[in-house]
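Q: These are the residues of each chain, in order.
6 protein chains.
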Amino acid sequence: MDAEFMENLIFKAEALIEALPYMQLFSGKYFVVKYGGQAMVSDEMMATVVADIVLLKHIGIKPVLVHGGGKEVNEMMRRLGKEPRFVGGLRVTDDETMEIVEMVLLGKVNRHIVALLNRCGARAVGLSGGDAGLFQARVKPFSPGGSSGKDVDLGRVGEINWVDISLIETLSENDYIPVVSSIGADSSWESLNINADHAAGELAGALQAEKLIILTDVEGIYQRTEKGTRFISAIKEKEIRTLIRDGQINGGMIPKVEACLRALEQGVARTHIIDGRRKHALILEIFTDAGIGTMVTL
Amino acid sequence: MDAEFMENLIFKAEALIEALPYMQLFSGKYFVVKYGGQAMVSDEMMATVVADIVLLKHIGIKPVLVHGGGKEVNEMMRRLGKEPRFVGGLRVTDDETMEIVEMVLLGKVNRHIVALLNRCGARAVGLSGGDAGLFQARVKPFSPGGSSGKDVDLGRVGEINWVDISLIETLSENDYIPVVSSIGADSSWESLNINADHAAGELAGALQAEKLIILTDVEGIYQRTEKGTRFISAIKEKEIRTLIRDGQINGGMIPKVEACLRALEQGVARTHIIDGRRKHALILEIFTDAGIGTMVTL
Amino acid sequence: MDAEFMENLIFKAEALIEALPYMQLFSGKYFVVKYGGQAMVSDEMMATVVADIVLLKHIGIKPVLVHGGGKEVNEMMRRLGKEPRFVGGLRVTDDETMEIVEMVLLGKVNRHIVALLNRCGARAVGLSGGDAGLFQARVKPFSPGGSSGKDVDLGRVGEINWVDISLIETLSENDYIPVVSSIGADSSWESLNINADHAAGELAGALQAEKLIILTDVEGIYQRTEKGTRFISAIKEKEIRTLIRDGQINGGMIPKVEACLRALEQGVARTHIIDGRRKHALILEIFTDAGIGTMVTL
Amino acid sequence: MDAEFMENLIFKAEALIEALPYMQLFSGKYFVVKYGGQAMVSDEMMATVVADIVLLKHIGIKPVLVHGGGKEVNEMMRRLGKEPRFVGGLRVTDDETMEIVEMVLLGKVNRHIVALLNRCGARAVGLSGGDAGLFQARVKPFSPGGSSGKDVDLGRVGEINWVDISLIETLSENDYIPVVSSIGADSSWESLNINADHAAGELAGALQAEKLIILTDVEGIYQRTEKGTRFISAIKEKEIRTLIRDGQINGGMIPKVEACLRALEQGVARTHIIDGRRKHALILEIFTDAGIGTMVTL
Amino acid sequence: MDAEFMENLIFKAEALIEALPYMQLFSGKYFVVKYGGQAMVSDEMMATVVADIVLLKHIGIKPVLVHGGGKEVNEMMRRLGKEPRFVGGLRVTDDETMEIVEMVLLGKVNRHIVALLNRCGARAVGLSGGDAGLFQARVKPFSPGGSSGKDVDLGRVGEINWVDISLIETLSENDYIPVVSSIGADSSWESLNINADHAAGELAGALQAEKLIILTDVEGIYQRTEKGTRFISAIKEKEIRTLIRDGQINGGMIPKVEACLRALEQGVARTHIIDGRRKHALILEIFTDAGIGTMVTL
Amino acid sequence: MDAEFMENLIFKAEALIEALPYMQLFSGKYFVVKYGGQAMVSDEMMATVVADIVLLKHIGIKPVLVHGGGKEVNEMMRRLGKEPRFVGGLRVTDDETMEIVEMVLLGKVNRHIVALLNRCGARAVGLSGGDAGLFQARVKPFSPGGSSGKDVDLGRVGEINWVDISLIETLSENDYIPVVSSIGADSSWESLNINADHAAGELAGALQAEKLIILTDVEGIYQRTEKGTRFISAIKEKEIRTLIRDGQINGGMIPKVEACLRALEQGVARTHIIDGRRKHALILEIFTDAGIGTMVTL
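Chains as they are written, first to last, in numbering that gives the first Met the number 0: chain A, 0 to 297; chain B, 0 to 297; chain C, 0 to 297; chain D, 0 to 297; chain E, 0 to 297; chain F, 0 to 297.
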């Protein structure tokens, strides 16, 4: 064993030791991780995200994943000759579309994540929010606002009104990692299409999670000022409201900050929006004081 | 309350009481039910099957469902412009087909069964055999036999070599009803297409189930004799071998009897092939001495 | 299997399925059943009552039986040359009578019920309220009222002032069915003769039972009106007080309604007085929306 | 506090300390105590026996009592105008006699012992061997031998063929003291009259008890020799056979030694026949090296 | 067995029975016993104290021992050439002294007590208050008062500000007897010298113990009156304050009464200062109504 | 966050991920670590050893420490005017020496390690092998061999003949880290001086530990060959015997290899002798494929 190799090893050992206080802090706590869509850019990137999650499990944290899969749904719709349609950022979801959403999310995206986790030695279990009353939802009322003022029928787009965490608890306490597709069930157990960020926020809140971490494909929240664009590493509710009003937070970032605020209201300690394309983003966020991405607090 | 109404009620009460000895006999035991495909003929029929299963749960039995969905897979393949192809009764499963199988089974058939169960007040959870090492499988070697003698590459068609029952146990003991799609995972956690009858047989064996019940769309096994066709209500392994050799058991019935024999070998007490289109077929089988369908024993 | 036989079976299966919502509703709850005396008319009738109770056990309900046995006590007293004597409906219980009460209730009536239950496959255990502090009682003060105004010494007639449910809980949670004779123990652990209806009411209250069901030998409560006699299927406390004042509720029905009211005050959800001579009276009451007999509520 | 009082106290404290090694030895073990009949001579004597048993409970031993009550049965039979009849030491038990046996044992003798125990602060529960399959018995075949050679129908006299200890275990582990009447149930759950010594021996064997202690009204076993009568403090199976053959062990002592041998065969460590009329006989036996009475070993 | 020997045995049996009500009263409760120093006068005396404690364990009480060892520390200091120094009754504890305190208490006094207990058949475990956060302490601020008014640096003398009882609970519930040296740990886990009486008082309070018993080398508290010296068998807080003011309670008795009051404030039921040189002092205190020593109450 | 800092972080994250397979492999297993003496060279070095052990705990391993402390004992003996004496590498241990050994090991070395662990956020508990029957030992028979042939009385030097692991299990399962001084108790619970390497080997064997790791102050085992000195990274029993015979393994290394062999014989999977002066030696050994030091196998 030459000296350089040894030094390298020692450097690595120190990395483990540095993580110790965080292990002690977070042991036994739930971490809800929103993953999917834009953050799932390449198999290589996904492999590091997934390894990070398995690591969390092994040091005593209880990770739970929530995912959507808009891009994959669009693709399958087009293969089946249907053009995706959106109003106000929400997918118009007729019954046939709902069927496609369910097949793509549960049969493809969810399985992909589960297989990656299992390949890392985890015991992952794929779930739908429709399993055993997990995401109890209703059709989301929708007024797009604007001058027209006409209500738009988005079809089977839903919002969660109750989360039954007992299935997640049963699985987490038995050392499984639950991976949940953002699908809900209405009161007659018909499926509803739920925004995955919102689903993650509600689940984190219901679990009284220690952290909600939303992995996405930007570094976090930016603010345009006179001096140029500034990265925001920590932001509070009030500033978020201002930035939304000013249109600086917009598009897909809006459900993300809404999910953070919803989780925080229900008692989640910390919420983060971070860049899932960055190698080991989760570990960097969790095991360093500095953290990465944007932390959202009340 | 008039007399006739009352008499009717009393008659029903007696039906409950008659079921008592069977409740006592089967309490706490696993029943594996193969459902799906041909047996899922109409929503009305499915409602009675599902209600029967929820009843089993409530009187202390632990039901576990396994399903396939060949017809639905064919349909979706055609919608996506792929013609289903079979060799020796087995679906040729290239990678794209495997993806479709997974989407249809997990995103459609499984969800349909789960929703029906939940609508009956159960707490059903949909699973893939790829979850947490449930169905550990390998590519099935296949020689079609015959004069050609050439091996056929069926692609991702698999057979189970190990069942990890811990996930099923965790869920059953916490009062959930597991509904498992007949998909396995190979040693690199890639999905394999498993025959649903075989999957049910292996799972019943691994769980040391009390019963394996295969619901199908015929009454059971028939035998052609000189005097005409005779229904067989109980059959042993040896006779099965003879009937297979004679071609009297053929086609889709072959994996069913194989599943029964495989389960019996591993210690399952009784196996049954019954007609799922018959109203309350499960209850009739379980709660009457006569039983219905064909019982297969060693 | 001919068609008629089959149809009959299906009809029975449907009876089981109809009971499903009630099973879901009552699972894990205590049902206290007052049985004995007048309701125990024939072995055949007793067999159906007992089968009903065993059925309750098997679908997850926790039944507890309480019984008296006035008629059998009278008979034994006469065989031993003692004439039973009653004041205001209460048995004058000298020490020798108390000994006879205990022998008859514990050694005869209780054993009869326990044997019937065990014969049905249950694991029944006979108890006295004097076991392990179950019914802690005191001598009941008694002023018969009327012009004479003299206090009457009823001897060892008692009323319960504390129920220690831990023995019932231990047995019920271990799947035994407790059968309790209506005998209490005073503070020096001497036995007291307790009215069995009252004992059932107190036990139901202490257990926070879902239901108290008093089986008797009339259909329920009747009211005489100008138009003739009317059966009352549901009655509230206030009306009961009126009917007692008018003498329409009298005799042995008084302790029954008192027991119901006492149980209701302590939080029992529903109480019923039903005709134990009717076949499967318990199942009819529990598993039909209509119910039978008279339901007493606050 | 004067010196003499103090010295007395210290002497008592030393008695407690001397018992320590026995407490350590017997902690968590079952002790089956046959009590009743001749040993129950006076309330004062019974009070010391019962206090001893409650003490055993408090130092970690699990006492279980078994009792008969021949004398009390005879008395009640006579009061009811029936003359008790015995053949070969066994009570001829017609159906009416069986009913009397059950009433006297369960309603009188059992309750007396339970009340005494509860008065000492124990939580005693009276049981019949007919509860929940505790003593599963059959009619005892009986040939009295002798010249006549005719079989005698003893009626409902039984012998135990299976003991289901689960009820005793449930109660003992929840800190109750079970008090069991020597009544069994045949396969149709009809009661049978069991010899109480035999019942105690079978129960001790089934429980793998540490000790079987039979309390009686003689000091133990005596042997007549040429030099006079000799008390035997320890005896082995072989000698017992000899003494029975010689008629030196006879009458009521025979079932006692049989019970000891039967318990020993099934693995009970030690069995003792001791004089229940002696004050604190149980404690003297258990907490002194010398012991009292006759110890029977294989 | 001669009559006198027998009578003696019966007398002893009665001593056991007399203790029964106390066993019932104290079963499952914590008793904290301060032992050590002056009370540990001879091996013979220690043997009786230790046997008493093992007896408590065997009858269901949970004893916990706390000890100091001033005399042994002084001795070792002198052997190492250091003269012990005290201010206001407190040992001046420089770092080297602290090291000696720790060696003597943990390596000598604690081990002596543990060995004696184990020799009696107990499973004793020696602990430091520094183990797993048991005694969390801080340096005790100290102003000796008087004319000089100068603060004195006592070095590593501490007082407890938090007791983490989880280690004691884990051990007690697993049938071990914890023996704790009166050493605490400050917030950087450096050891502090804690007064053993105070440590016992704080531990009793934190455990919500039934009793705190301080064994010492005087009979209890005395009061000088005009008529001579009077032994006080029960005293209340107010009188204690008076006796301290009058100088009648002084020296080593002060921390003892302080410990009693501190325990009482936190909910301990009774506290006692008794003479550990008296044979079986603990048993006499616990198992007699009269008790011995001085009982301190609020 | 600049790029270099980020890269550094990512490098560290990768170190954590690389450890993942080892975490999965060792989760829930016991690791016995012999520490102390020569390996405890500086506070800085000790801090890294201790942090490594706390890390093991946090990733699901159950570490148990065993320590001696020869150097510290020598020092204290000299301070007390006693010259340490050794025969055949074993300390001559008269009673006074034994007392010093106990004070130094339990009161000094053990406390030092416990405090270091607690400072790292662990819940460490110091134990003696004399606690609750942990190390049951006997005086070691000793013949130094050689020409003289005379037996030498080494005094209180012992060897373990039974390890009672229940205390270690209780503590480990409740998340404490046990730190055990190498002291045993003979059958009269007198202390014996046990070689710490041997103690660690016996404990590892009794616990069926996954690994025994002996930390020392050399890199491992070396072999002198004609070509010079060669470091041995893996060695088997047979070679060890040869090297001992050749005198190449000698002195303090002999008990270390003996301990390894003894542990292996009892089923320990792997044993290692590694250099405790090397920073993070434990982590390097456990979390790298190469490992460090010498691995001893059967």
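Mixed in with the good hints, there may be bad ones.
[Said to hold, decoys possible] Capping the alpha-carbon separation at 27 Å, the derived lysine-lysine pairs in DSSO-like fashion look like this:
1. A:Lys28 x A:Lys235
2. C:Lys81 x D:Lys70
3. F:Lys81 x F:Lys139
4. E:Lys226 x E:Lys28
5. E:Lys139 x E:Lys278
6. B:Lys28 x C:Lys237
7. B:Lys28 x B:Lys235
8. D:Lys28 x E:Lys81
9. F:Lys139 x E:Lys81
10. E:Lys70 x E:Lys81
11. D:Lys81 x D:Lys28
12. A:Lys226 x A:Lys237
13. D:Lys237 x D:Lys70
14. A:Lys70 x A:Lys81
15. F:Lys81 x E:Lys81
16. D:Lys70 x D:Lys81
17. C:Lys28 x C:Lys139
18. D:Lys28 x D:Lys226
19. C:Lys81 x D:Lys81
20. C:Lys70 x D:Lys278
21. D:Lys226 x D:Lys237
22. E:Lys70 x E:Lys139
23. F:Lys139 x A:Lys28
24. A:Lys70 x B:Lys278
25. B:Lys28 x B:Lys70
26. B:Lys70 x A:Lys81
27. A:Lys81 x B:Lys81
28. B:Lys70 x B:Lys81
29. C:Lys237 x C:Lys226
30. F:Lys81 x E:Lys70
31. E:Lys226 x E:Lys237
32. B:Lys226 x B:Lys28
33. F:Lys28 x F:Lys278
[As the list claims (entries may be wrong)] One-sided and incomplete, this derived list gives chain D residues near chain E with beta-carbon spacing under 8 Å:
34. Ile9
35. Ala12
36. Leu15
37. Met97
Treat the hints as calculated values from the structure; they're not laboratory data.
Computed from a predicted model, the values in this text were never measured in an experiment.
We put the beta carbon where it would ideally sit given N, CA and C, even for glycine.
Q: Hints first: check each against the structure and report whether it holds.
A: A quick look at each hint next to the structure:
no., hint, verdict
1, A:Lys28 x A:Lys235, "23 Å, holds"
2, C:Lys81 x D:Lys70, "23 Å, holds"
3, F:Lys81 x F:Lys139, "23 Å, holds"
4, E:Lys226 x E:Lys28, "41 Å, violated"
5, E:Lys139 x E:Lys278, "36 Å, violated"
6, B:Lys28 x C:Lys237, "49 Å, violated"
7, B:Lys28 x B:Lys235, "23 Å, holds"
8, D:Lys28 x E:Lys81, "55 Å, violated"
9, F:Lys139 x E:Lys81, "36 Å, violated"
10, E:Lys70 x E:Lys81, "14 Å, holds"
11, D:Lys81 x D:Lys28, "43 Å, violated"
12, A:Lys226 x A:Lys237, "22 Å, holds"
13, D:Lys237 x D:Lys70, "32 Å, violated"
14, A:Lys70 x A:Lys81, "14 Å, holds"
15, F:Lys81 x E:Lys81, "18 Å, holds"
16, D:Lys70 x D:Lys81, "14 Å, holds"
17, C:Lys28 x C:Lys139, "31 Å, violated"
18, D:Lys28 x D:Lys226, "41 Å, violated"
19, C:Lys81 x D:Lys81, "18 Å, holds"
20, C:Lys70 x D:Lys278, "43 Å, violated"
21, D:Lys226 x D:Lys237, "22 Å, holds"
22, E:Lys70 x E:Lys139, "22 Å, holds"
23, F:Lys139 x A:Lys28, "50 Å, violated"
24, A:Lys70 x B:Lys278, "43 Å, violated"
25, B:Lys28 x B:Lys70, "32 Å, violated"
26, B:Lys70 x A:Lys81, "23 Å, holds"
27, A:Lys81 x B:Lys81, "18 Å, holds"
28, B:Lys70 x B:Lys81, "14 Å, holds"
29, C:Lys237 x C:Lys226, "22 Å, holds"
30, F:Lys81 x E:Lys70, "23 Å, holds"
31, E:Lys226 x E:Lys237, "22 Å, holds"
32, B:Lys226 x B:Lys28, "41 Å, violated"
33, F:Lys28 x F:Lys278, "24 Å, holds"
34, Ile9, "5 Å, holds"
35, Ala12, "4 Å, holds"
36, Leu15, "6 Å, holds"
37, Met97, "38 Å, violated"
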